[in-house]
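Trainee: So the sequences go chain by chain: A and B. Under our numbering, the first residue of the first sequence is numbered 83, with each subsequent residue one higher. Under our numbering, the first residue of the second sequence is numbered -14, with each subsequent residue one higher.
Careful, some of the hints might be misleading.
With a straight-line Cα cutoff of 16 Å, these simulated EDC-like cross-link-like pairs (lysine to aspartate or glutamate) come out [as the list claims (entries may be wrong)]: (1) A:Lys110 <-> A:Glu162; (2) A:Lys137 <-> B:Asp80; (3) A:Lys137 <-> B:Glu126; (4) A:Lys136 <-> B:Glu27; (5) B:Lys28 <-> A:Glu162.
No lab work stands behind these hints, which were simulated from the structure alone.
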Amino acid sequence: MNEELKKELKEFLIKELSLEDVTVDDIKNDERLFNEGLGLDSIDALELGVAIQKKYGIKLKGKSDKEIKSYFSSIDSLAEFISRNLESNS
Amino acid sequence: MVTFSIKSYFFWTPFSVVETENNSFVCDKSDDWKIPALEYIEKRNQRRLNKLSRLVLYSAIKCTTPEKRNYVTVLSSRNGEINNALRILQDISNDELVSPQMFVNSVYNMPFAYYSIFFGNNLPSSAIASSESSLGYGFLEAVLNLKRFPGYDVLLTCADFPLENELGVLNDKSCLPYSFSVIISNDNYGDNRISFDYEMLKDGNRRNDVPDAVKFYYSFLKQDKEIFISETSDSRFTWKKQSL
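Make the full structure from the sequences, and use the hints.
Mentor: Structure representation (structure tokens):
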């Protein structure tokens, strides 16, 4: 998996969600982003969805809640979702 | 005319303000400033706060004590969150998605909504804007709340940022960042008894050097001056120190 994209996503998360006390090194690739783990919540999920659409042009409209939860569960799953969509769009 | 006591107050601006001989004010503005760190709110809870909320909370926390944060609250801000409101409108007009967080923070009474959440304040809250008369109308709202909710003190916070980006051209000379909080009460409280009066005008005279809240703090609260008058084209507010 693209390590560069994962690092970029961590930086993106920290910036977009104003995680002032968190560094890239604090976020593990397989760590859960929501609830336990990084402790993000539902407002963060909305913010993240909008930010991803703006930055990568990837729309979540039409995806089921279950699918979105699985994409957003960790940096690994998010990177996989984004790279797959970027490839299919190119 | 109504009377009330001032129990506590706190004022902050990043710049030094000096009153000159002719009762006007000068301020050494610069772009290099930041809002001081907030106490009593966990870091992780601060990350969603926008600039106005940080500014309001800063003086509100300094004006109150950890033992008592429960107050009827009034926010008075000339510009409020109009900087962010414009960004939201620009996103909408560009057919872009609106940031949910920015939308939440664009609600006018959000700073004291955060205050209520962080400190468990369960008393009524209101927010107003009235251009250059925002201090006067803020006091008017606060005084009305003293009457509406007898037995409760009122925390009034006046805070503002200059307008930014495209809106910056609308800034007049008096725009500067500041936050002023005051707790007013119906209780007799030492020498801090104040009378307050309001009248409507047709041809008022306004001197735009610094915001009224800045003058009120430097000229009235910090000095021995007995009277402070704020006048705009359509209203005059008068505060007078009462001898006991």
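Trainee: Failing hints, ascending?
Mentor: Structure breaks hints 3, 4 and 5.
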